[in-house]
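K.L.:
Using the hints, position chain W against chain R.
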Amino acid sequence: KQEVTQIPAALSVPEGENLVLNCSFTDSAIYNLQWFRQDPGKGLTSLLLIQSSQREQTSGRLNASLDKSSGRSTLYIAASQPGDSATYLCAVGKTSGSRLTFGEGTQLTVNP
Amino acid sequence: DAEITQSPRHKITETGRQVTLACHQTWNHNNMFWYRQDLGHGLRLIHYSYGVQDTNKGEVSDGYSVSRSNTEDLPLTLESAASSQTSVYFCASSGGRPQNEQYFGPGTRLTVT
Chain R
314 KQEVTQIPAA
324 LSVPEGENLV
334 LNCSFTDSAI
344 YNLQWFRQDP
354 GKGLTSLLLI
364 QSSQREQTSG
374 RLNASLDKSS
384 GRSTLYIAAS
394 QPGDSATYLC
404 AVGKTSGSRL
414 TFGEGTQLTV
424 NP
Chain W
48 DAEITQSPRH
58 KITETGRQVT
68 LACHQTWNHN
78 NMFWYRQDLG
88 HGLRLIHYSY
98 GVQDTNKGEV
108 SDGYSVSRSN
118 TEDLPLTLES
128 AASSQTSVYF
138 CASSGGRPQN
148 EQYFGPGTRL
158 TVT
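Sequences listed follow chains R and W, in order.
Numbering (my numbering) for the first sequence: 314 to 425.
Numbering (my numbering) for the second sequence: 48 to 160.
Bound conformation, chain R alone:
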C-alpha cells in the first residue's frame, strides 16, 4: 500500500526566504506526482504535476523535483511572500488517470 509522508508538518518563515517542502512515498512505481495548494476552508489548487519520466517542473517561483528511485519529491519556493501562506499537499498517482494518494500536508506561514 502506497504511503505518502510530508515533512515538516508546519513551517514558519520570514518573508523573502527561499524554502523547501519535502514529500516521500514508499512505492516508487508511480505514474505522476502532483503538488497542490489549499487555503483555509477552500478546495485544492493544482500547482505542478511531474510525470514519472521527468525530473522537475517549474512554474514562476515554484520548482518541483522528483527522484522516483528514492521515492522523494521536493517543492522549492523562491522569495517567499505572505500570500504563499497555505497548506501544501503532495499526491502520487499509480497509473494514468488513477486515484491519488495524498500526504497530510505542510502548513506554511510566511511572516511579513
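These are calculated hints, taken from the structure and not from any lab test.
Keep in mind it's a predicted model, so treat the numbers as computed, not measured.
Wrong hints could be hidden among the right ones.
Straight line, CA to CA, 25 Å or less: simulated BS3-like cross-link-like pairs of lysine-lysine [claimed, not checked]:
no.	chain 1	residue 1	chain 2	residue 2
1	W	K104	R	K407
2	W	K104	R	K314
3	W	K58	R	K355
4	R	K381	R	K407
P.N.:
What follows is chain W alone, placed relative to chain R:
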C-alpha cells in the same frame, strides 16, 4: 471556462437521514473521484468512476454510494448518515491527456448531528 462545482457547500443533517452531495464538471473528463478530508487523516478516497456506468470503491467506501449516469455528474449518497461521516467532501476529475492532472471542486462541509 471549464470547472467543477459541488453543492451544497454546507450541509447539516441528522443521524440516520439519507444525504446526497452533488458534483458536476464541465471538462468532459472520464475520471471522477470523491475524497473526504479529516484532521489527522488527510484526504482519503471514497469512490471513483472511470466512465459512465462505471463505479469503484475506494479505501473508505462503507456507508457511501455513487452512480454515474452521464459524463458530467457523480453524486455521492450517504445511505444513513452517521456522526463519523462529519467531514469535508471533495470531488475531483481528470482526463486531459497525457498528464491526467486532477482538478478539485470547492468542497462540501457536512455536519451530522
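K.L.:
Against the structure shown, which of the earlier numbered hints fail to hold, in ascending order?
P.N.:
none
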